[in-house]
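Chain by chain, the residues:
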Amino acid sequence: MLDALTPMQDATAAALDVRDLDIAYRVRRRDRQVIRGLSFRIGQGETFGLVGESGCGKSTVALAVARYLPDNGRVRTGSIHIGGADALSMQGEALRQFRTRSISMVYQDPGRALNPSIRIGAQMAEVFEVAGVPASERMGKVEAILNRVRIVDAGRVMGRYPHELSGGMLQRVVIAMALAVDPTLLILDEPTTALDATVEAEVLDLIETLRAEMGSSVLFIGHNLAVIRRMCARVGVLYAGTLVEEGPTREIFSQPRHPYTVGLLRCLPRPGLSKHQTRLDTIPGFLPTSLADVKGCVFAPRCGLAQDICRTTEPPLIPVSEGRVSRCHFHEQAPDLPRTTPPAPPTDRKKVPAFRPVIRADNISKTFGNAAAPVYALRDVSVEIWPGETLGLVGESGSGKTTLAKLLMGLTPPDPNAIIELNGQKLAHLATARQPAELEALQIVFQNPDAALNRSQTIRGIISRPMKKLGGYRGAALADKLRGLMSHIRLAERYLPMRPRQLSGGLKQRVAIARAFAGDPRIVVCDEPTSALDVSVQAAILNLLADLQAEQGVSYLFVSHDLRVVRYISDRIAVLYLGRLMEIGPAEAVFNGPHHPYTESLMAASAAEEASGQLRLKGEIPSAMRPPSGCVFHTRCPRKIGTICETTEPELVQREGDHGIRCHLDLDQMGRAVTIEA
Amino acid sequence: MSAEMTVGAPAPEQAMETPKRISRERISMLLRSAPFVVGMLILIFWVVMAIVGPWIVPYGADDTNLLNTLTPPASDHWFGTDQFGRDVFSRVIVGSRDILIVAPLATLLGTLVGTVLGLVTGYARGLTDDVISRIVEAFLALPLLILAMLVITALGASNATVIVVIGLSFGLIVGRTVRAAVLGERDLDYVAAANLRGEKPIYILFVEILPNILPPILVETTVRLGYAIFTVASLSFLGLGIQPPSPDWGLSISQNYGLIGGGYWWTVLFYAIAIGSLVVGVNLTADGVQSVIDA
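The listed protein sequences correspond, in order, to chains F and L. Counting in the working numbering, the first sequence runs without a single skipped number right up to 678 at its last residue. Counting in the working numbering, the second sequence runs without a single skipped number right up to 295 at its last residue.
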């Protein structure tokens, strides 16, 4: 490795020392404060996590540390020292040297961090070129560092362009580049957020191993509490640009001492928890718009423990125990923070006669491309959803989840011999050919509310149009219906004249849900409805969906990659892999096992956010253009029996009860993934 | 904790931007954009001149004075006189009238035709799109001026013909811009949601999609206006646009350019400056609008 220390640095100083940092963005000729009085320290070889929801200023901190704030961003007061050197005073060549040698950053989306028109090898060699390595040695060093991030076939990867590699592979390349110069500080800004759980597990393993090998000091920024808990020794919780709690990760997560941390942890569906047992707790309210106007504690308006003093006097960072601080006047009471939602789930569930499934999809296949190069997005999938139940649909990206959702909705046609039935009536394959009553019965909530809501229309227009179109409501009847729906969805009526961009992400998703419920839907497809939202907002949306289901007896097809969310909301679960249904059954049976080796791997990957040393899926999901022979999962299967898996595709066999598994293994040979209790 | 909060209702929404504040913000950004302000001043000047010109100019635009021909610029004739003794200054001011009617109308027609064309081709895709797009490309392969000359020669020159010819050919160009914008919208989930409640394509196009693509259409319109002015002036110069006895700029240049060799530069230069300033004014305005919309 290269000599990491520039002359001004001191090997014994803290890797990162941030003191009283105050950052503002200049917006419309006014300063908008985003970070206030932030101090923290990362020792040599330490991994420090900075956790918080979107808008709390985490990425701003990372950019300020790398001296890469946007043009309108300014450090107003405070200091940043990296390896003892004052980062804020550097200019020109010194700043360039500092960025070359002292600091490396890994961003969320590796696809955008790499230049698409330069081969991986040449691109990585640039790092060594800047560091002054002679041209003859560069490629050798690139190969060595690629081997270091466990890329087996380094020579081949170096000859590829970024678009030819998968997301997980790209993120390894980016990590390799970041570590190439052995920086004083490595900043990881949501490094696994864009990756599938199975790939995320591998990348986290890699980061952990490399950190141990190289003794790097790491600033790990994330919103995923589980990942932070696994990766970091110490953690700082950021809320509205203010550090509200800091200390050893295990202590903070097991005994949080700030109401915000307590609330955040309660929002997460715990493993094994379901909607029938309890509502999720939420954090009411919103981030303050302007930090300048905040007097007293920044969290007070949303805090169930707030007293008069909280609204007038800002609490200092109060020492809680050795190496632990909390910015709360009443930190000792924090664990007793009152719940904001009643814990008991709704009991008066609407009973719906259930003599036939509300939707039945039989023999669904979807082939893209032409006859010469067919891509099988879905192969012979059959599912039923019964009235009032939720079918959870899980699988990695590329498994066909969203395709199945779109096929049921009639947004794209399935291959000809598919049958889709609504209440026993055959449905046309395309939505444009379906009857109004059928359209009304089958609605969808999309993943991204920004794309799903027309930005030029008002909330009133967005919600009332389907009422007019599908229900034929007009005038006073329409106004009544609208008012009723708004109160059901817990949306205040003053949002009606606003446009989507004026609402927060959670409110926008509520509007999207309101639109789906504007008719009288019998089944609502939820396509990753909470994955674009923060955990506290996610909890509120999941509660809402569960409540609406209890009140109206509606069924859901709930697509998600987050197993805990799926477990919480679903009654039955279907697992897709490369367009095949691998397992389907009651949520408990699927989660508790014994389950299909693929399900087992997915669950292990989900648990891997919290712990290392679990079962790992090797490699990436194969291309649907060339699916493996026999059982499509055999190339990655941890429990492969032998040649039978490569030659014969197993049937989806009903095991106990309604539990179907597509595997050659006998039930007693299948594994059970270890779930970790929070 | 209020009762409202206990059922999980959102607390009062943070004061985000209201639509009024957004449009006021846009306008104040426009007013702070130097290109926009300068371009607008030039445009306003010419529009005012076109409206009140005939009543404020010192001489009638068509008043000849054969005893006082081809005099250079002086205090009684600021821009000099032409070969019939007409006051060039008065003619430049009044000459703005026709072009400021013909060019904007042609642009408007082009925008309307282009918007419909782009909405249909962008939304239909498939065969409809392929057929229409190839025809459009075939037309666009011909230089606009040549195309216009062919049609106008066949139909006879008049202001109406010029408007229709320029409008239709601009419609093809605007249509491609609109089509690209529609392609960016049509796969968004709000269009899927509209399909899922059985909306007809015409509703989806004009009520759902069109309002979202107005900004690029506005930019394209202002850019096209600059080209329209230029094209009208060129056609008039070739005798195929605005017809005599209008003091139109392009027409006047074509009547006088033979005199440049004799040293009578003022009979051409001031008309040319007028055309140039109007085109520059429109283009500066377009730049300003574009930068604010992209911001």
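The hints are simulated quantities; they were obtained by calculation from the structure and are not laboratory data. Warning: the hint list may mix true and false statements.
[Stated by the list, open to error] Derived PhoX-like pairs: lysine-lysine, alpha-carbon spacing no greater than 25 angstroms straight-line: (1) 481/F / 200/L; (2) 426/F / 406/F; (3) 481/F / 468/F; (4) 200/L / 406/F; (5) 141/F / 200/L; (6) 481/F / 469/F; (7) 406/F / 481/F; (8) 481/F / 426/F; (9) 640/F / 200/L; (10) 426/F / 200/L.
[What the hints assert, rightly or not] Which residues of chain F face chain L? A few of them, derived with a C-beta cut under 7 angstroms, are: (11) 140; (12) 431; (13) 433; (14) 439; (15) 452; (16) 453; (17) 454; (18) 456; (19) 467; (20) 469; (21) 473.
Where is the CB? At the ideal position from N, CA and C, for every residue including glycine.
Hint by hint, here is what the structure shows:
{"no.": "1", "hint": "481/F / 200/L", "in the structure": "holds, 24 angstroms"}
{"no.": "2", "hint": "426/F / 406/F", "in the structure": "holds, 17 angstroms"}
{"no.": "3", "hint": "481/F / 468/F", "in the structure": "holds, 10 angstroms"}
{"no.": "4", "hint": "200/L / 406/F", "in the structure": "holds, 19 angstroms"}
{"no.": "5", "hint": "141/F / 200/L", "in the structure": "violated, 61 angstroms"}
{"no.": "6", "hint": "481/F / 469/F", "in the structure": "holds, 13 angstroms"}
{"no.": "7", "hint": "406/F / 481/F", "in the structure": "violated, 28 angstroms"}
{"no.": "8", "hint": "481/F / 426/F", "in the structure": "violated, 30 angstroms"}
{"no.": "9", "hint": "640/F / 200/L", "in the structure": "violated, 52 angstroms"}
{"no.": "10", "hint": "426/F / 200/L", "in the structure": "holds, 23 angstroms"}
{"no.": "11", "hint": "140", "in the structure": "violated, 45 angstroms"}
{"no.": "12", "hint": "431", "in the structure": "holds, 5 angstroms"}
{"no.": "13", "hint": "433", "in the structure": "violated, 10 angstroms"}
{"no.": "14", "hint": "439", "in the structure": "holds, 5 angstroms"}
{"no.": "15", "hint": "452", "in the structure": "holds, 4 angstroms"}
{"no.": "16", "hint": "453", "in the structure": "holds, 6 angstroms"}
{"no.": "17", "hint": "454", "in the structure": "holds, 4 angstroms"}
{"no.": "18", "hint": "456", "in the structure": "holds, 4 angstroms"}
{"no.": "19", "hint": "467", "in the structure": "violated, 10 angstroms"}
{"no.": "20", "hint": "469", "in the structure": "holds, 5 angstroms"}
{"no.": "21", "hint": "473", "in the structure": "violated, 13 angstroms"}
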